[in-house]
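Student: So the protein sequences, as listed, match chains A and B.
The numbering used here puts the first residue of the first sequence at 61, with every later residue one more than the last.
The numbering used here puts the first residue of the second sequence at 61, with every later residue one more than the last.
Hints in this document: simulated from the structure, not taken from any laboratory.
As the structure is a computational prediction, the values presented were derived from the model and not from experiment.
Hints are not guaranteed to be accurate.
Copies of the same chain look alike in the list, so a pair counts if it works inside one copy or between any two.
Pairs of lysine-lysine, DSS-like flavour, derived with a Cα cap of 27 Å [said to hold, decoys possible]:
#: 1; residue 1: Lys-139; residue 2: Lys-212
#: 2; residue 1: Lys-131; residue 2: Lys-220
#: 3; residue 1: Lys-266; residue 2: Lys-356
#: 4; residue 1: Lys-192; residue 2: Lys-378
#: 5; residue 1: Lys-212; residue 2: Lys-189
#: 6; residue 1: Lys-497; residue 2: Lys-227
#: 7; residue 1: Lys-356; residue 2: Lys-497
#: 8; residue 1: Lys-356; residue 2: Lys-121
#: 9; residue 1: Lys-497; residue 2: Lys-569
#: 10; residue 1: Lys-409; residue 2: Lys-227
#: 11; residue 1: Lys-192; residue 2: Lys-154
#: 12; residue 1: Lys-509; residue 2: Lys-523
#: 13; residue 1: Lys-139; residue 2: Lys-227
#: 14; residue 1: Lys-220; residue 2: Lys-491
#: 15; residue 1: Lys-212; residue 2: Lys-523
#: 16; residue 1: Lys-220; residue 2: Lys-139
#: 17; residue 1: Lys-117; residue 2: Lys-139
#: 18; residue 1: Lys-223; residue 2: Lys-497
#: 19; residue 1: Lys-154; residue 2: Lys-220
#: 20; residue 1: Lys-189; residue 2: Lys-327
Number of protein chains: 2
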Amino acid sequence: MLRIKHTAIKTKGIVPRYLKVTGSPDRRTDLILIRNFQTSIAKFSATSRYYPNEPSKPLVKTESIPGPLSKREISELDKVFDARPAYFVADYEKSLGNYIADVDGNLYLDLYAQIASIALGYNNPSLIKTAKSQEMIRALVDRPALANFPSKDLTNSLRKLLKFAPKGQDQVWPALSGADANELAFKAGFMFRQSQERGYDTEFSKEENDSVMNNQAPGSPQLSVLSFRRAFHGRLFASGSSTNSKPLHKLDFPAFDWPHAEYPTYKFPLEENEAANRAEDDRCLKQVEELIVTWKNPVAALIIEPIQSEGGDNHASKYFLQSLRDITLKHNVVYIIDEVQTGVGATGKFWCHEYADIQPSVDLVTFSKKFQSAGYFFHDPKFIPNKPYRQFNTWCGEPARLLIAGAIGDEIINEGLLEQVQRVGRHLFSKLEQLQKQYPDKLQSLRGKDRGTFIAWDLPTGKQRDLLLNILKLNGCNVGGCSTRTVRLRPSLTFEEKHADIFVDVLTKSMKQL
Amino acid sequence: MLRIKHTAIKTKGIVPRYLKVTGSPDRRTDLILIRNFQTSIAKFSATSRYYPNEPSKPLVKTESIPGPLSKREISELDKVFDARPAYFVADYEKSLGNYIADVDGNLYLDLYAQIASIALGYNNPSLIKTAKSQEMIRALVDRPALANFPSKDLTNSLRKLLKFAPKGQDQVWPALSGADANELAFKAGFMFRQSQERGYDTEFSKEENDSVMNNQAPGSPQLSVLSFRRAFHGRLFASGSSTNSKPLHKLDFPAFDWPHAEYPTYKFPLEENEAANRAEDDRCLKQVEELIVTWKNPVAALIIEPIQSEGGDNHASKYFLQSLRDITLKHNVVYIIDEVQTGVGATGKFWCHEYADIQPSVDLVTFSKKFQSAGYFFHDPKFIPNKPYRQFNTWCGEPARLLIAGAIGDEIINEGLLEQVQRVGRHLFSKLEQLQKQYPDKLQSLRGKDRGTFIAWDLPTGKQRDLLLNILKLNGCNVGGCSTRTVRLRPSLTFEEKHADIFVDVLTKSMKQL
């Protein structure tokens, strides 16, 4: 018989989450029991155990936001940096868990989380431990040119990342940001495409070697990436050419002449509009295939977000994402899923496109944001170029952020945070459905059901949306918008029912004030 | 009268470099005296004080490189990552100062320094201190969306960076890599150009807003960036279009139709070939102006490295770089200096283009590598776009690396490392000049005189160059190549006369073996 003892000794305010199991001669059973026991605990208090001293509610002391101290610091910052987008100046020392503090002493419940980039709340004890590790210090002070002089830690670091890769993906190429990850994936896609045309082991021709030095075909072929209307894949020049969110993101920059197909626009709630939404899928799929067949520059790759995030939280159905696999296979187009904003747990699965169970696996999956590290996953070794140094740069990723990514992945799995996100998401969504009955006009097209806390809705106008976001801040909730009139919720995975309740109370109050 | 006492207490093997000055009633005088005293010490032993336990010489135990343990680890790494470019697997724990260790126990004097990216040697005590700081831990665990929710540390962090900015530059935009920095600088250049055409405060037209969503002019104007033959500005799509180093860096990727002018090819030694080199400058300048006037797509910006590094350590004269300022002003072209590889001290000045004393200041200066952080400096506030969110992304740089950059800059100044690099560079160059007399064929076009340790030469063929680099490794020196047949020296700024002597001995031995 086993004796299970929860060693609840407080160490610097953090309750250790490991259980001591004694008495069993079978160590394997022990471990399973620990795991089960942990998961059942996780169901009730994963976050509270991270943050026993988390504030119990928001607190706004200033009459306007940014408050006077933030304003002063923003105007100082503005002398050396374009500080116009600053909402307030944060005090990360005083931020904890799901709460972000500012220099005026305001404390907001954070449902924006650095544009969906904080996975485990502020000052997470497990990340602090990683930040203090010897591996981290080495990564910071002796940053290698990873591919030329890899450290002895690198294989482990990448294997750890791959533990969390989407099903079917078993290799990774690191990058530095979502835009970078997407552009490196484009490069992988272009090389793959040309290697199929040319033959993987065929040498480059003299004509290719000569023309490429003048940026001309055939060495610099006029290939294209197909993306979607309202897509966001980054703001560099190639990622920017595939981005289609807002004119302001692209104006005045040269762009590649690449096509955009329409992304389905569904009617909500989904379960009441199945036929109409299927017809919408088919209309858009037809357009995708037509563009692939007719576009002036051959379409080498297709990139899509499983939920378009900057573009307004537009969802794509399982049928749509699977049909794109069929079309891309038929026309020899590389299929890239952009999980930069949707990935790493916020939808209740580690990767959002897992909901679509795409078969066979897509070719490349890009990640960034909540993983802090960035890059793309793949499985077909033919995505490794025929020669070294074709996919290459000095740093090939950021070793410090690879360590953070590994720690984030471990916490998500060990703490059962995916289950928590699903559970809290259901709780939050049903409360919003209730509120929608009261304010149907101000809570239009509520979406994200069964997609964890990745929830959004529309207001009638952009002006009202912006006003609501301001009122929410003044009432203590930091929330972001996307597209022109959408509110998007992007809390950390540490967001619990109690936080959802506070948010819905604040939202209800704010709706009245709107 | 002052009593100056050097507190030479050993603390964990590191001799503190601060001096205690007592007895003066005038604290200001004290500080000046400390600084003078420190500089005079720096002249003799800045590096030895960092690394009192640095190995005294290289040690190669294995018969081939990579050694058997490196080989095994590379083949493991290759299962998850393209490890073909790996020279060996490094053991950064055992690397110190100017020496890099590998997992086979080999110890190399490092004159490559992670493709010119390690400023202060391995495991630098001052960087370790920064890596352990509370600010660093916050930056790692609570990475902000810098422009939306700047931390209270950000203004200081950026001001610190700006302390080291090239003369005339007083604002900065952070990025994540050299390629990223260059592309963000291109964006700044394109917006500047169009704002001059349109009027800084003029609203975008409906036609612009519509066309940009289809990647078409006028919203996506067909503007170009002029760069140079053999240039290297990165490997993303726009930076890649300006790069002209090798076909392999560019093949199979779509490129913008941007022009490349010829970069001057000088005869060495420079002092014996002044007239011929001036004629070469004029020939290339004429081509630059012709391309600006005649290129099919208007040239909005010009980007140049003051020494083309990947492209073969090609130097540009003061006259050439100043004349480009005159041409860019005449034709309203934004002048960008790429200091990614040349910046941060290796040439003996903090920024290499300071040697050219360009008047008026260039418009944008990009940096990365030895600063670990990346970005561009500028001075004209008109390079801040007319609206917020035009130059923007989630992270806007890496706060952890900004802290490292500040620490690197401080050490370079406080330790007198620029003077050290100049002094050691002169010592090394004169020894190489001696060796050149013995091996004129294997030490062709020796260059980098009075440019610190930023020294290079050519071998007759690429094959011989590669062979020499291998022999050098087997004899204990890690050295890199560039272009097709060039050897480039890129040690850390902590490289001293004694290291130069070891290198020249190893090189002499290796030349005999070649």
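Student: State for each hint whether it applies.
Tutor: Structure-based check of each hint:
1. Lys-139 to Lys-212: between (43 Å within a copy, 15 Å between copies)
2. Lys-131 to Lys-220: Result: close only across copies, 21 Å inter versus 42 Å intra.
3. Lys-266 to Lys-356: both (26 Å within a copy, 26 Å between copies)
4. Lys-192 to Lys-378: neither (42 Å within a copy, 46 Å between copies)
5. Lys-212 to Lys-189: Both, since 21 Å and 23 Å are each at most 27 Å.
6. Lys-497 to Lys-227: neither (39 Å within a copy, 62 Å between copies)
7. Lys-356 to Lys-497: neither (49 Å within a copy, 59 Å between copies)
8. Lys-356 to Lys-121: Classified as neither: same-chain Cα gap 58 Å, cross-chain 58 Å, threshold 27 Å.
9. Lys-497 to Lys-569: Result: close within a single copy only, 15 Å intra versus 85 Å inter.
10. Lys-409 to Lys-227: within (12 Å within a copy, 51 Å between copies)
11. Lys-192 to Lys-154: Classified as both: same-chain Cα gap 19 Å, cross-chain 19 Å, threshold 27 Å.
12. Lys-509 to Lys-523: within (26 Å within a copy, 62 Å between copies)
13. Lys-139 to Lys-227: between (48 Å within a copy, 17 Å between copies)
14. Lys-220 to Lys-491: neither (37 Å within a copy, 48 Å between copies)
15. Lys-212 to Lys-523: neither (54 Å within a copy, 30 Å between copies)
16. Lys-220 to Lys-139: between (42 Å within a copy, 13 Å between copies)
17. Lys-117 to Lys-139: neither (35 Å within a copy, 48 Å between copies)
18. Lys-223 to Lys-497: The answer is neither: 43 Å in one copy and 57 Å across copies each exceed 27 Å.
19. Lys-154 to Lys-220: between (31 Å within a copy, 24 Å between copies)
20. Lys-189 to Lys-327: Cα proximity of Lys-189 and Lys-327: none, with 46 Å in one copy and 56 Å across.
Hint compliance for this structure: hints 4, 6, 7, 8, 14, 15, 17, 18 and 20 are not met, and every other hint is.
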